[in-house]
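Participant: Numbered according to my numbering, the sequence shown spans residues 41 to 291.
Where hints are given, some of them may not hold.
Stated by the list, open to error - Here are the simulated DSSO-like cross-link-like pairs (lysine-lysine), alpha carbons at most 30 Å apart as the crow flies: (1) 133 - 199; (2) 199 - 120; (3) 133 - 120.
Quick caveat, the hints were computed from the structure, so don't treat them as lab data. None of these values were measured; they are calculated from a predicted model.
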Amino acid sequence: FSDFTRDRIFRPLGMNSTGWRNDPRRVIKNMAQGYTRSGDGSAAVPYLKGAYDGTVAVGAGGLLTTVGDLIIWKHALSAKRLGDFVAAEMERKTVLNDGRVINYGGGLDILTVQGLERIGHGGAFAGFRSYSERFPRSGLSVAVLCNTNEADARLISTKLAQALEPATAVPEKKEQGHIELKTELLAARAGLFIIEQTGFPVLITTENGRLVVDGQAMDTINENLFRSPTVWGELEFESPDRATRREILVF
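Let's have the full structure, built from the sequences with the hints guiding it.
Facilitator: Right, here's the structure in full:
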């Protein structure tokens, strides 16, 4: 698989710094080290568990690449250099068994921001965070690679896109900020849910007086509405066992 993708995909596209780390013993020149926070939170320390012990699954965390090669990949998708079929299938939104269409294709989120199609996806593994996206109408592509698990790669990508393509900017909303909610009301919102727009399971917990969704603490707007202070979006409860996620950008 490693040889096939190198000879048939990466090299023909010019992605000469991209390949699979299918041998954890192999020394790779200029490879970045992933970092996490120490147990007491006082310092950044190398993230080692699962990263270099052979447990990396090729295809789900084992690809090594650079920002430059990711931009090549994005441009190749836009130009359909991988073929019309590949591009079409990756961007074809998924239809669930109940007929609902969700904003997820073949490993890509297909979203709309300020009327512009936004196609991208993120990654998180072993002290690394990433996000890459493209805006087909303008031809803009953005790639972000971070070697700390504290980084919000998607937020960085969004801010870069806004700087390079002002049309993607979302007008700032002057709305109510976080309020404190009674413990019993907050606890009633915790549990395992299916987010309506994606159909994916999401575990919702509570910590320090806030809902935590996908590891992100949410601002409480009212007893039914919760909002990420970064880019996760809004979560609105229609009933104790039903919630809807709205994809928004808040700055």
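Participant: Are the hints correct? Go through all of them and say.
Facilitator: Comparing the hints with the structure gives:
1. 133 - 199: holds, 26 Å
2. 199 - 120: Holds: residue 199 and residue 120 sit about 27 Å apart, inside 30 Å.
3. 133 - 120: holds, 18 Å
Of the numbered hints stated above, none is contradicted by the structure.
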